[in-house]
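> Chain by chain, the residues run as shown.
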Amino acid sequence: MSSPNGTPTKITQGSQTKGGIGESTLRPDGTLKVTGEFAYSSDMWHEDMLWGQILRSTVAHAEILSIDTSEALALPGVYAVLTYDDLPTEVKNYGLEIQDTPVLAHGKVRHHGEPVAIVAADHPETARRAAAKIKVDYRELPVITDEASATAPDAILVHENRDDHHAGHVPHPNIVHRQPIVRGDVAAARERADVIVESEYTFGMQDQAFLGPESGLAVPEEDGGVHLYIATQWLHSDLRQIAPVLGLPEDKVRMTLSGVGGAFGGREDLSMQIHACLLALRTGKPVKIVYNRFESFFGHVHRHPAKLHYEHGATKDGKLTHMKCRIVLDGGAYASASPAVVGNASSLSVGPYVIDDVDIEAIALYTNNPPCGAMRGFGAVQACFAYEAQMDKLAARLGMDPVEFRQLNAMEQGTIMPTGQPVDSPAPVAELLRRVKAMPMPPERQWESSEGADVRQLPGGLSNTTHGEGVVRGVGYAVGIKNVGFSEGFDDYSTAKVRMEVVGGEPVATVHTAMAEVGQGGVTVHAQIARTELGVTQVTIHPADTQVGSAGSTSASRQTYVTGGAVKNACELVRAKVLEIGRRKFGSYHPAWATAELLLEGGKVVTDGGEVLGDLADVLEDEVVEVEEEWRHRPTEPFDLRTGQGNGHVQYSFAAHRAVVEVDTELGLVKVIELACAQDVGKALNPLSVIGQIQGGTTQGLGVAVMEEIVVDPKTAKVKNPSFTDYLIPTILDTPTIPVDVLELADEHAPYGLRGIGEAPTLSSTPAVLAAIRDATGLELNRTPVRPEHLTGTQLSEG
Amino acid sequence: MDFLRPASWEEALAAKAEHPTAVPIAGGTDVMVEINFDHRRPEYLMDLNRIGDLSEWEVGEESVRLGASVPYTRIMENLRAELPGLALASHTVASPQIRNRGGVGGNLGTASPAGDAHPALLAAGAEVEVASVRGSRRIPIDDFYTGVKRNALEPDELIRAVHVKKADGPQQFSKVGTRNAMVIAVCAFGLALHPRTRTVRTGIGSAAPTPIRAKAAEEFLNAALEEGGFWENGKIITPSVAKQFADLCSAACNPIDDVRGTASYRRHAVGVMARRTLTWTWESYRGARRVTEGAA
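Chains as they are written, first to last, in this note's numbering: chain A, 827 to 1625; chain B, 51 to 346.
So here's chain A without its partners, still in its complex pose (with noise of 0.2 Å):
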């Protein structure tokens, strides 16, 4: 079939400066997407297309006595209905790391919202209905919803007969993955300490909220195949997931990116992918599936809730003794990435600081709660909040300034991790505290002018709930620590094709990889760097695909660090090939091509002392040189099962935040005035990205500390506010000015010195601002996200 409408289309990028990287170069999408003109996934259309529709469970825990498709079969215009006895071959389930989830759902229903049949119908309005004319039949079964409910002893296991590889190592069947890290003799550590801090943290449940809903468009093609058009974080992920349940081989399942509208991880597991290939290759026409807001929060993952239980130990010098903490995490009803987040969250447990004894245990949960998975932060995030708390309380406890405690621990470049592994690139830990630290603070009572009080300066904003009463200033500081790239011995490679030619008298660049491009700024660091390596002006960014090998996922703060080394890889073969025909063609007339290093910039083959040797253009006349190459980081180890000794880690990204809060201590609301912060970046390929990603992560950490929670009944394991009415992201209103300092400190290890940078912002963040919450009000506040009624003691119901 022909290609639908609102695909993306290659994006050709010139630059009026050398534009390499370095520079901040402006996006080549940036423009199209503040004006409307970008096309999303949802945009897509296809002639004599239909809409998919999924029918979801209304209950958390259930079995499925019936399910009858007669009625909604009978309505005109549908097209399809399909169960999970219409599951093409024996494959039935799917999942990142245990194929633990049903394409739909088989005898039973683990979560609410769980797909359980799918229809395709002419019109969505007649999918909606059509699928709200399925009958099921469902026999309720008591909800897991917590530790004591899943480990009870006559609890009903969420899955049974598991035999995934976590399976036999595991403590009871309801827990996905257990991780302890051992080292050093915490009992004998303790005997020094001067004070302990013992307390128990809660993290509530995040959702990414990207803004662009679950949506995507499958096609079938006249081989049998099929061609799907998807926004998601890694296309050959979902590839080796598809294709069997559709029983196709993987090259019959074409794969493009369409416009992806945000993802921060929601997008890495599948959602509809599946569900339109069956219904597109049952009907025989391509299929559209959108999800609405009220859907996509039932649609992808959250981030895990968490209860983290620590213990440190501090001598009266203020040098940690030890530590020792317990976190448990609620994984929810599928697996998804619970297991390698359980494996960050033990293995970041301890933060940025040096302590040699400690005893760390970190699981994962099968409950009946939605399914939780990769967010950015990703097990970091939740174990920032709750050493950093203590970090507070330590230093309170021995008279001494938050920020020096912290940096009297900071660990360096050197301190061996809790696993065993030595840190082997910069850790400006206490730099950045002195940094974040240093900047200047925001004036006093800064919501006075000659006007009056501006409401938009204070908590509440045009609520306009106070002029000024009962207002007081809070600051706060937290540090955090976020591996970068895929860990635990997980084979992360990126693949790139280059491909060098000359057209119109111009050498051009093409980059084709199958990065996904979810708003980071991928598709311009390739550019920026094919420009560096290649010396072009144009290069065209392909879209991406799954014609050329797998790009890894768009997450873990990797893609700059591995599909940019990749690129980088790929043009140094090219180049290489293009002087080889330079070599070729022109040897004989000038001896620098045999004796220089020799570089491409400017369109011209120079050598490194700035002689030209040529044009590209005429080196290359008509030849067409092209490299497609896979690459890799440094390798890395599994944890022992019973240690968690091993080399787990690529590299290490840190952030370091200062919040100042204004609280309206009387009616519990928070104004968070200035999140400054300062990170260690490596190499900024393209600064004002790096400041966008840092000042996102800020503000998503911000959202988690002070408004964002999915809220779950205890008693129904049923979600109380799935719309962007109920679940609260910050407005602009709540965004607080960002002041960022960018510290460079080259890794030689990784490709120009960069550092993966997305993720670690969002660490830090959270502590900062309810450890500057608790400096306004002299409360504890050991839970994530706080609400008015933690601050005013309202939090009890009337009964």
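Treat the hints with care, since some could be wrong.
[What the hints assert, rightly or not] Covered stretches of chain B (chain A as the covering partner; in silico rule of three or more C-beta atoms under 8 Å from a C-beta of chain A):
#	stretch
1	222-232
2	303-314
3	317-325
It is worth saying that the hints were derived from the structure and are not from the lab.
Glycine residues also receive a C-beta, built at the ideal position from the N, C-alpha and C atoms.
Following the hints, position chain B against chain A.
Then chain B, alone, in the frame of chain A:
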């Protein structure tokens, strides 16, 4: 679903008489959400946008006649002096886009306890002008809200306008939400001083099944102000009087626990807002400080 598009008020009334289940729609900021989420499938939808009169207002000697469809933006821009409480409330409605479309008629039609206009209308003492083919009548705002999302309209009636007395004293409006903009009220409070009648009126939103007045609080305060000659002498209201007023406002609430907030918090917050808005309006009345009506 049939879509009715009356060209005039008379046609609209005739259509409503013929199809009493018809749901009127103007800005659509409430009704369309319900339809989009499939919470509501009215048999008939009646578009009132062709009736220009509904988007107009008149400032009279005593009061303002505000057409049911006058958008909140217009109230903020044009009626700040006459209807200061309602103008402040309008500021807190959703986003600029919604304020450009939504009007008071929709708030009244839906009669949700969380509607932002209600506390201001209660405090100012408004009357709702409704009409049917049988004729028109004015419903005092105190009698308008009859239950959760229910109002005093007969099935064949439409809301045409709201009559609100021009402010004869300071008015204030406060709303608590868990975000600094674009948020549904956790609870809200409106207060108006009426020096001419030497009375104080209040309005509470989102803290009871319907928008309500805190009548016991008003009576207490009216008596206290009268007794102490406060209206004449313009003395500072004593903290104990303000506190008792706030406590009585809290006591007037009959809130629920829900995903937006606890009942206990709502009671508490209404008390805080009552005390603050009383202070602001009274200080303004005394002329002891500049009037603060919020930004913008």
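> Confirm or reject each hint.
Hint check:
{"no.": "1", "hint": "222-232", "in the structure": "holds (count 11)"}
{"no.": "2", "hint": "303-314", "in the structure": "holds (count 7)"}
{"no.": "3", "hint": "317-325", "in the structure": "holds (count 5)"}
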